[in-house]
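Residue 226 in the working numbering sits at position 96 of the first sequence, with consecutive numbering throughout.
Please note that the accuracy of each hint is not assured.
[Said to hold, decoys possible] Derived pair list, reagent style DSS-like, types lysine-lysine, alpha-carbon separation capped at 27 Å:
#1 K649 - K162
#2 K691 - K162
#3 K691 - K155
#4 K447 - K529
#5 K644 - K162
#6 K141 - K855
#7 K539 - K349
#8 K447 - K345
#9 K696 - K345
[Claimed, not checked] Have a look at the derived ranges for each label pair, beta carbon to beta carbon:
#10 I341 - K710: 16 to 26 Å
#11 K794 - S714: 21 to 31 Å
#12 K710 - T609: 50 to 60 Å
#13 G716 - A873: 49 to 59 Å
#14 N260 - R343: 29 to 39 Å
In case anyone wonders, no lab produced these hints; they're calculated from the structure. By construction, the Cβ of each residue, glycine as well, lies at the ideal position given by its N, Cα and C atoms.
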Amino acid sequence: MKYDFTAIEKKWQARWEQEKPFAAKTGDAREKFYGLIEFPYPSGQGLHVGHPRPFTAMDIICRKKRMQNYNVLFPIGFDAFGLPTENYAIKNHIHPAIVTKKNIENFTNQLKMLGYSFDWDRAVDTTDPNYYKWTQWIFLQMYKKGLAYKTTMPVNWCTSCKCVLANEEVVNGVCERCGSEVIRKEKSQWMLAITKYAQRLIDDLDDVDYIERVKTQQKNWIGRSTGAEVTFQTTLGDDLLIYTTRPDTMFGATYMVLSPEHPYVKKWQDKLNNWDEVAAYVDAAAHKSDFERSELNKEKTGVRLDGVMGINPVNGKQIPIFISDYVLVTYGTGAIMAVPAHDDRDWEFAKKFGCEIVEVVKGGNVEEAAFTLKDDTGIMVNSDFLNGMTVKQAIPAMKQWLVEKGIGKEKVNYKLRDWVFSRQRYWGEPIPMVKCETCGWVPLPEEELPLVLPQVDSYEPTDDGESPLSKMTDWVNTTCPCCGGKAQRETDTMPQWAGSSWYYLRYMDPHNDKELASKEALEYWSPVDWYNGGMEHTTLHLLYSRFWHKFLYDLGIVPTKEPYQKRTAHGMILGEGGEKMSKSRGNVINPNDIVDQYGADTMRLHIMFIGDFEKAVSWSNEAVKGSKRFLDRVWNLQDACTDSMEYSAKNETAMHKTIRKVTKDIDELKMNTAISAMMSLVNDFYANGVTRGELKTLLLLLSPFAPHMVEEMWENLGFAAETGKMACQNEWPTWDEAKTVDANVEMAVQVCGKLRGTVVVPVDSEQDTVLAAALAHEKVARFVEGKNLVKVILVKNKLINLIAK
RNA sequence: GCCGCUAUGGUGGAAUAGGCAGACACAAAGGACUUAAAAUCCUUCGCCGUAAAAAGCGUACCGGUUCGACCCCGGUUAGCGGCACCA
Numbered sequence: 131m132k133y134d135f136t137a138i139e140k141k142w143q144a145r146w147e148q149e150k151p152f153a154a155k156t157g158d159a160r161e162k163f164y165g166l167i168e169f170p171y172p173s174g175q176g177l178h179v180g181h182p183r184p185f186t187a188m189d190i191i192c193r194k195k196r197m198q199n200y201n202v203l204f205p206i207g208f209d210a211f212g213l214p215t216e217n218y219a220i221k222n223h224i225h226p227a228i229v230t231k232k233n234i235e236n237f238t239n240q241l242k243m244l245g246y247s248f249d250w251d252r253a254v255d256t257t258d259p260n261y262y263k264w265t266q267w268i269f270l271q272m273y274k275k276g277l278a279y280k281t282t283m284p285v286n287w288c289t290s291c292k293c294v295l296a297n298e299e300v301v302n303g304v305c306e307r308c309g310s311e312v313i314r315k316e317k318s319q320w321m322l323a324i325t326k327y328a329q330r331l332i333d334d335l336d337d338v339d340y341i342e343r344v345k346t347q348q349k350n351w352i353g354r355s356t357g358a359e360v361t362f363q364t365t366l367g368d369d370l371l372i373y374t375t376r377p378d379t380m381f382g383a384t385y386m387v388l389s390p391e392h393p394y395v396k397k398w399q400d401k402l403n404n405w406d407e408v409a410a411y412v413d414a415a416a417h418k419s420d421f422e423r424s425e426l427n428k429e430k431t432g433v434r435l436d437g438v439m440g441i442n443p444v445n446g447k448q449i450p451i452f453i454s455d456y457v458l459v460t461y462g463t464g465a466i467m468a469v470p471a472h473d474d475r476d477w478e479f480a481k482k483f484g485c486e487i488v489e490v491v492k493g494g495n496v497e498e499a500a501f502t503l504k505d506d507t508g509i510m511v512n513s514d515f516l517n518g519m520t521v522k523q524a525i526p527a528m529k530q531w532l533v534e535k536g537i538g539k540e541k542v543n544y545k546l547r548d549w550v551f552s553r554q555r556y557w558g559e560p561i562p563m564v565k566c567e568t569c570g571w572v573p574l575p576e577e578e579l580p581l582v583l584p585q586v587d588s589y590e591p592t593d594d595g596e597s598p599l600s601k602m603t604d605w606v607n608t609t610c611p612c613c614g615g616k617a618q619r620e621t622d623t624m625p626q627w628a629g630s631s632w633y634y635l636r637y638m639d640p641h642n643d644k645e646l647a648s649k650e651a652l653e654y655w656s657p658v659d660w661y662n663g664g665m666e667h668t669t670l671h672l673l674y675s676r677f678w679h680k681f682l683y684d685l686g687i688v689p690t691k692e693p694y695q696k697r698t699a700h701g702m703i704l705g706e707g708g709e710k711m712s713k714s715r716g717n718v719i720n721p722n723d724i725v726d727q728y729g730a731d732t733m734r735l736h737i738m739f740i741g742d743f744e745k746a747v748s749w750s751n752e753a754v755k756g757s758k759r760f761l762d763r764v765w766n767l768q769d770a771c772t773d774s775m776e777y778s779a780k781n782e783t784a785m786h787k788t789i790r791k792v793t794k795d796i797d798e799l800k801m802n803t804a805i806s807a808m809m810s811l812v813n814d815f816y817a818n819g820v821t822r823g824e825l826k827t828l829l830l831l832l833s834p835f836a837p838h839m840v841e842e843m844w845e846n847l848g849f850a851a852e853t854g855k856m857a858c859q860n861e862w863p864t865w866d867e868a869k870t871v872d873a874n875v876e877m878a879v880q881v882c883g884k885l886r887g888t889v890v891v892p893v894d895s896e897q898d899t900v901l902a903a904a905l906a907h908e909k910v911a912r913f914v915e916g917k918n919l920v921k922v923i924l925v926k927n928k929l930i931n932l933i934a935k
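Could you put the whole structure together from the sequences, leaning on the hints where they help?
Here you go:
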């Protein structure tokens, strides 16, 4: 019988679709398992070979969980708002909704082609008004709690997309999507106060099982630092508040720096003797993008504020004040005390501008370079009451002194900024807010949700940076829900991150038109037990959705503090030479081609076999054959197996070992070694023969990996007649630990640490037995001859090492 | 610069409470079957050496701990990812 994968895969996909064996049942008495993958963006190019890697892995986990009698929720959906679709629509004058619909259809077909056990009845689409109604609803709740606010601030402006970008969308000073230059621009924007959750976003990482690098990356991104805020008086009478993490070095503060945007600069305009020079510098800084500013970090620039001096509160000394763009207005207080002896940037600036350098921590040569080591060994000098203390002692001592004098206090700062939530784009969720001439910003009443995206003639953003919606005067002009007067709708839309911040909740109850999901469903399915996704989403999507979840938790809507109990990440699939796959390199692999040539089961198996799941791997078309060959070999066992349902003596140990290995490896995402264990077992079957019972076990183990072929064999071998379809099995093979070991083991024999041979002894043999066997070994004897056995080291069932002198 | 990760045959990769390095595959070479090809099956496959053995060398590099190190420690180099004037 030939392995006709095309016919077999079609047959079983049709049956699964009809009989729905993968439907999740809310409220079922079995233990629940919620496995989640990052839902795809349905691009026009269709499924990329990068998709099947994480999807197949989670499919395997979920299929195995079902066989272990869990009630599994394994959903799928589409994150369908976004720029590529919009840009395609602009170019081809097709409505983005039509493009999206077509792309989703294509993705759906491709995903079904790969045989994933999704519960398709729960599929969500973020562009469906029944879905984004609740995205808008969550925004309104945030507004009501003061977490959504509108403010004018410098934003990242993409010169090509004509659109505001979040900080996270700017990569190396250019737009993440189109690669064009990004400049700073003042704009009124909706913001979400994620910074209010900064501490909880750090603290609650302790309670979840995320791979360590995700945790560290999130913590670095949030960037908590502990220091002190200190007030410096000035000769103009205004007090300057600065932030420092090194209060211990205050005696070394010899000048101060304000960011060019600091409000005092303007305030002091009339009192400065060099205002023209100052104004020119401020103006130049304003015209630079963040990137330009940071790119010039080799060479410090700045201007002295002539006419004002700061007063160092610890010693009363007057010190000059500069403005420089190495101080950021967005962090701390936008003003610093500069300690050139112990900070690289300050040192560099001081050298250029001729400022005094005062050493306050012993250990370096501050004329040569800043001495920045902050450890226990540094001893304070030139620091009055701190002299002789270590840095570690001086920090709290100074903080205490500042508090006693009433000029400073401990302060925690975060690098994390609030989330710019407005986009001047068409293809996103409309922000459900109305601006009334008398009442100001007014939220739309919840009954009026969803606020549906209107039809427009042109999707192009306007040249002044407003959303295309602003041209829809019929839609924009409305009445105030509050006073009934004239009002206008917000024309900005939400960023793509909005819809993906809560989609895992909608899966729990996707058709609910009363709530985002019912309490019953939320309580039954929460939290997501295992979420796998890409590292590129660690500081964006993952952080944003944790923030939204915590907000919903505070409202009493979701029952858990954290959305995801466990987070893992997959590596990328690279092209043949280890290069990134891209259209321009022409090395893009289309999963359809692999499926056509080898079948979906081979595709699934191979993409799991290819290497360590967490690491990047290069795709090789040649290597796929090996996985296909393995499936062929399994297929051919149908005709070779005996009728016995027992394990044969020759295969018994291998059976138990393989069951153990495959079971444990799947839970640890080591699919590659699970597969190699099954390959070895099949090699054994070819050498020793195979019984029907052995084959049954193999099929159970293999079914999550190659579900279609296994269903067919399951039916052919008569198992389906006995216990039903493979997809409905709730039996996972078990192993007997005692039977995973043979009666005899082969042990390595070393003489003085060098391998000299092997001996076969009964399992768990004591030293005497092994030693006797080892000495009987011809080669070992040769190396021991004429020497004294000084010591013998035995590692049971593994090795014996004879130390002979 | 800071944080994190990685380095193993021609290739993808196995192996860590410190215990036979190279499992499982791909490629290659030889053979069987075949009119032939494909498919399949068998054999070889780290380096050096040998008639074949043996001996020796070998997990990026240098050193250490240990009876024993891919694994632990110190240092170096190269590469990948993230952050980047965050005071």
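Hints, one by one, checked against the model:
| no. | hint | verdict |
| --- | --- | --- |
| 1 | K649 - K162 | holds (16 Å) |
| 2 | K691 - K162 | holds (19 Å) |
| 3 | K691 - K155 | holds (24 Å) |
| 4 | K447 - K529 | holds (19 Å) |
| 5 | K644 - K162 | holds (24 Å) |
| 6 | K141 - K855 | holds (13 Å) |
| 7 | K539 - K349 | holds (24 Å) |
| 8 | K447 - K345 | violated (44 Å) |
| 9 | K696 - K345 | holds (11 Å) |
| 10 | I341 - K710: 16 to 26 Å | holds (23 Å) |
| 11 | K794 - S714: 21 to 31 Å | violated (42 Å) |
| 12 | K710 - T609: 50 to 60 Å | holds (52 Å) |
| 13 | G716 - A873: 49 to 59 Å | holds (57 Å) |
| 14 | N260 - R343: 29 to 39 Å | holds (37 Å) |
In this structure, the earlier hints numbered 8 and 11 are contradicted, and the remaining ones agree with it.
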